[in-house]
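Student: Residue numbers (our numbering), protein chains in the order written: chain A, 1 to 373; chain B, 1 to 373.
It is worth saying that the hints were derived from the structure and are not from the lab.
Hints are not guaranteed to be accurate.
Any copy, or any two copies together, can satisfy a pair, since identical chains are not distinguished.
Think about it this way: if two alpha-carbon atoms lie no more than 35 Å apart in a straight line, the pair counts; the simulated DSBU-like pairs of lysine-lysine are [unchecked claim]:
hint : residue 1 : residue 2
1    : K7        : K214
2    : K18       : K7
3    : K18       : K309
4    : K73       : K95
5    : K95       : K121
6    : K325      : K222
7    : K218      : K7
8    : K369      : K18
9    : K353      : K95
10   : K81       : K323
11   : K356      : K121
12   : K166      : K321
13   : K81       : K325
14   : K73       : K353
In this text, all values refer to a predicted model and were calculated from it rather than measured experimentally.
Letter by letter, the chains look like this.
Number of protein chains: 2
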Amino acid sequence: MIPGPVKVAPRVLRAMSKPMISHRSAEFGAIYDECRDLLKEFFETENEVVVMTGSGTVGMDAAIAGLVGREEKIVTISNGKFGERFTEIGERYGKAMPIAFDWGTPINLDRVEAALETGAKAVAMVHNETSVGLTNPAKEIGNMTRKHDAIFIVDGISSIGGNQFKTDEWGIDIAITGSQKALAVPPGLAMVSVSSRSEARFLERSASYYADLKAHLKSARKQPTQTPYTPAVPLFFALQEALHMAKEEGFESRRSRTAMQAGAVRAAADALDIKLFPQINEFSPYSNTVTAMKIPEGISDDRLRGGMKKQGVVVSGGQEKLKGKIFRIGTMGVCSSGDILRTIQTLELVLAKEGKLPNRGAGVEAASKVLGV
Amino acid sequence: MIPGPVKVAPRVLRAMSKPMISHRSAEFGAIYDECRDLLKEFFETENEVVVMTGSGTVGMDAAIAGLVGREEKIVTISNGKFGERFTEIGERYGKAMPIAFDWGTPINLDRVEAALETGAKAVAMVHNETSVGLTNPAKEIGNMTRKHDAIFIVDGISSIGGNQFKTDEWGIDIAITGSQKALAVPPGLAMVSVSSRSEARFLERSASYYADLKAHLKSARKQPTQTPYTPAVPLFFALQEALHMAKEEGFESRRSRTAMQAGAVRAAADALDIKLFPQINEFSPYSNTVTAMKIPEGISDDRLRGGMKKQGVVVSGGQEKLKGKIFRIGTMGVCSSGDILRTIQTLELVLAKEGKLPNRGAGVEAASKVLGV
Numbered sequence: 001m002i003p004g005p006v007k008v009a010p011r012v013l014r015a016m017s018k019p020m021i022s023h024r025s026a027e028f029g030a031i032y033d034e035c036r037d038l039l040k041e042f043f044e045t046e047n048e049v050v051v052m053t054g055s056g057t058v059g060m061d062a063a064i065a066g067l068v069g070r071e072e073k074i075v076t077i078s079n080g081k082f083g084e085r086f087t088e089i090g091e092r093y094g095k096a097m098p099i100a101f102d103w104g105t106p107i108n109l110d111r112v113e114a115a116l117e118t119g120a121k122a123v124a125m126v127h128n129e130t131s132v133g134l135t136n137p138a139k140e141i142g143n144m145t146r147k148h149d150a151i152f153i154v155d156g157i158s159s160i161g162g163n164q165f166k167t168d169e170w171g172i173d174i175a176i177t178g179s180q181k182a183l184a185v186p187p188g189l190a191m192v193s194v195s196s197r198s199e200a201r202f203l204e205r206s207a208s209y210y211a212d213l214k215a216h217l218k219s220a221r222k223q224p225t226q227t228p229y230t231p232a233v234p235l236f237f238a239l240q241e242a243l244h245m246a247k248e249e250g251f252e253s254r255r256s257r258t259a260m261q262a263g264a265v266r267a268a269a270d271a272l273d274i275k276l277f278p279q280i281n282e283f284s285p286y287s288n289t290v291t292a293m294k295i296p297e298g299i300s301d302d303r304l305r306g307g308m309k310k311q312g313v314v315v316s317g318g319q320e321k322l323k324g325k326i327f328r329i330g331t332m333g334v335c336s337s338g339d340i341l342r343t344i345q346t347l348e349l350v351l352a353k354e355g356k357l358p359n360r361g362a363g364v365e366a367a368s369k370v371l372g373v
Numbered sequence: 001m002i003p004g005p006v007k008v009a010p011r012v013l014r015a016m017s018k019p020m021i022s023h024r025s026a027e028f029g030a031i032y033d034e035c036r037d038l039l040k041e042f043f044e045t046e047n048e049v050v051v052m053t054g055s056g057t058v059g060m061d062a063a064i065a066g067l068v069g070r071e072e073k074i075v076t077i078s079n080g081k082f083g084e085r086f087t088e089i090g091e092r093y094g095k096a097m098p099i100a101f102d103w104g105t106p107i108n109l110d111r112v113e114a115a116l117e118t119g120a121k122a123v124a125m126v127h128n129e130t131s132v133g134l135t136n137p138a139k140e141i142g143n144m145t146r147k148h149d150a151i152f153i154v155d156g157i158s159s160i161g162g163n164q165f166k167t168d169e170w171g172i173d174i175a176i177t178g179s180q181k182a183l184a185v186p187p188g189l190a191m192v193s194v195s196s197r198s199e200a201r202f203l204e205r206s207a208s209y210y211a212d213l214k215a216h217l218k219s220a221r222k223q224p225t226q227t228p229y230t231p232a233v234p235l236f237f238a239l240q241e242a243l244h245m246a247k248e249e250g251f252e253s254r255r256s257r258t259a260m261q262a263g264a265v266r267a268a269a270d271a272l273d274i275k276l277f278p279q280i281n282e283f284s285p286y287s288n289t290v291t292a293m294k295i296p297e298g299i300s301d302d303r304l305r306g307g308m309k310k311q312g313v314v315v316s317g318g319q320e321k322l323k324g325k326i327f328r329i330g331t332m333g334v335c336s337s338g339d340i341l342r343t344i345q346t347l348e349l350v351l352a353k354e355g356k357l358p359n360r361g362a363g364v365e366a367a368s369k370v371l372g373v
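Sequences and hints are given; from them, build the entire structure.
Tutor: Right, here's the structure in full:
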């Protein structure tokens, strides 16, 4: 129940066992074409989508390396670990203008606007900050970015397909996701959508050879469709199968199911007197793909998560400065109501053992109510 | 029968279907540790080996981005398509000094020495030029590179584990291979060995964020062992299983079997009056992992390879300027004597149909003799 890599459905795992095919063949091209088409629906975009072999980070890297020159400014917004990664990448290739907020607190839109007014080619932001369970105001910052004629780059890795994420409506020029999140594919692929507006402003030559969006777009437009370098073929088999599953469920249905499941976790937390970690406001709601909660006083991280693990349920801890302070439950991909209830039940069990359970069964009851089971 | 991605053994395909695990867990760390240890034997090195998620190109990229600064020189040697890639990467990050030879002709060592005398931080070369079926003189250039106190970077992607490749004995500072070649894993992982001598000369900060060897070494030294960004977990399962298989066969036995199989293909070509493409000399022998042959006069590429494909045997054509001029048969990984004989038999069948078979059965007979079957 960690916020990715998530559980993978058996039919997706089985798809990986197909015999290898050449990545320059028409057969591979047809698989890639179908994935690109379905990913457009998944991203809610008319933009082209390419698939890169690598973690989601390779997509974040490609966006900035391809767009931001040594002397160009990029505003990098952060309120958690992954936002900070954008600052690191921005510093690697151009002039990063970091706007940092305390981890888990909402972004102040005025500060972003002020930074944009000093002139920047691009703005980079994480939509769903996995490290703190908060979603950031992509729509509002998208509007602002357009007004200032900058390019908007959004890390949607743990967001797209789980939270609401409207690539085109919100004016997101480059959106990135990873295979191991809402799509429930094993990790190893990054999916990147690219607006023609941003493509027109790409650097003549990307600062990175491997993470080169231009090269990926060029190869994707060849016949047969291909990738510039050898792709992770079995993960493309898995991606195709997972997209079929998501299409069968309905992309919209998957999003509302995910929202309901996160709602169930939050209701259980409330019933068990466990405080949610992030601070929210009207533009920055709780994440629907990962719920971050404070570890109740008097229990150690080790006893809480270690106790749950002994019962077969793995949840995540806090990262870096939040280590030992919070724990996180993911609700992404092909997670079921049963998975949620078992997780809450196990949490109750551990709390009871530690003498910290206020009202036995209240968490499971609250979650069941939301899930309608 | 293409020179990668190669056929994958069923037990390796099955290994990929295991349920996902967290890439920060002790369980993943133990798998990565075992792979790193076995890869040392595979590379014949005492150097550390890291595994990156991406094609072999990400390893080539990481080596140069991490070592060669904007104003630093790198000698890039090429006599085929993949050598030219090193020049492209060298130009992306530093000052490339390309030394190019006609595709498929041996490297002139004097020209390399002359380039080194003008001062260069590194030399990059492809050991086994897959596009032309020729191996390059790594031992000789390794000696030369040491003499001039430069770093020696070798693309061993289609070589290591198939051809003789002595990382330490030949003084190779950074050696790179890909999962989809002699190891017979599906594509998607690059394995890179790094000498402490080269690590000491890494740039303060790699020019690439994703393809960052320093970050990979740092994470590989953590407890549990990990990767800086989310790795393609199922490909690590496959890598572990494939390394077990290679160890069971014996790394040395796999190399001699591969050599014998390439010998069988060459003997068949000779018996069928098909000319081998590359020019060889005492330092540059034919490749044992890919045999490149001229397409016999009077037959088109399409009829030759298309005809074989109809019979279920896929071989590769020429790339770029060699398109339509040569065809290539790979002998890597878990290829069997039966695979070789079936390929030669199919080649004979197509040649016979086109009225171009000088002596029916001679190819299969010559190959069988070499294979001892």
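Student: For a quick check of understanding: which of the numbered hints are violated here, in increasing order?
Tutor: As far as the earlier hints go, 9, 11 and 14 are violated by this structure, in ascending order.
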